[in-house]
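Numbered by my numbering, the letters in the sequence shown go through residues 1 to 186 in order.
Hints are computed from structural coordinates only; laboratory data are not their basis. A couple of the hints might just be wrong.
Claimed, not checked - Okay, the calculated beta carbon distance ranges per label pair: (1) Tyr50 with Lys87: 23 to 31 Å; (2) Thr88 with Leu162: 13 to 21 Å; (3) Tyr30 with Leu59: 32 to 40 Å; (4) Lys83 with Arg16: 20 to 28 Å; (5) Ala178 with Tyr50: 39 to 47 Å.
Source: prediction; values computed, not measured. The C-beta atom is built at its ideal place from N, Cα and C for all residues, glycine as well.
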Amino acid sequence: MPASKASRFFERVDQREFLLCQSINGCLRYRFVLPYFRVASRLGDGWFWYALILALPLLHPEAGLAVALLMATTGGVCTLTYKGLKKTLIRERPFISFPAIHCGTPPLDRYSFPSGHTLHAVCFNTLLAMTLPDLALLILPFTLSVAASRVVLGLHYPSDVLAGAVIGGGMGTIASYALPTFMPMA
Numbered sequence: 001m002p003a004s005k006a007s008r009f010f011e012r013v014d015q016r017e018f019l020l021c022q023s024i025n026g027c028l029r030y031r032f033v034l035p036y037f038r039v040a041s042r043l044g045d046g047w048f049w050y051a052l053i054l055a056l057p058l059l060h061p062e063a064g065l066a067v068a069l070l071m072a073t074t075g076g077v078c079t080l081t082y083k084g085l086k087k088t089l090i091r092e093r094p095f096i097s098f099p100a101i102h103c104g105t106p107p108l109d110r111y112s113f114p115s116g117h118t119l120h121a122v123c124f125n126t127l128l129a130m131t132l133p134d135l136a137l138l139i140l141p142f143t144l145s146v147a148a149s150r151v152v153l154g155l156h157y158p159s160d161v162l163a164g165a166v167i168g169g170g171m172g173t174i175a176s177y178a179l180p181t182f183m184p185m186a
């Protein structure tokens, strides 16, 4: 079966990103790196975001419920988007394509483009930046840790993370304009 244009493109890009990916993945040799990024990645699976969504109405009584509902709705759209792209574009994860790259934690699915963890994290952080900027600033280090974890753990190429960030940032920006729809009528 002939390779698709997307898979041929990714094969070329994978070769160009291999050394950078391997270098970043090499950080796993430091004792504290693996546990830190495993935790960031695991929380980025959704656990941190679920807790935040549930806590928002308590943290911000005026707008928290509306922002929480918007985040939950946008999160669903993000999931459909990244799963559709992964199924269509089919890019193997770095540790599958290159045995020199170590897998630091089991992946949630097979394909890598784009990074769904990064897409969600950046989407939510962008949405918060446009609605509750003080909270967004507090969460920014976590968002950056989730994005970095994907490459450090050998699960994504840097371009997967970049694509996830661009798509997520766009989705978060667009979603923030829907906030008035989610606000309760006075």
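message: Checking each numbered hint in turn, tell me which of them this model violates, lowest number first.
response: Those not satisfied come down to hint 5.
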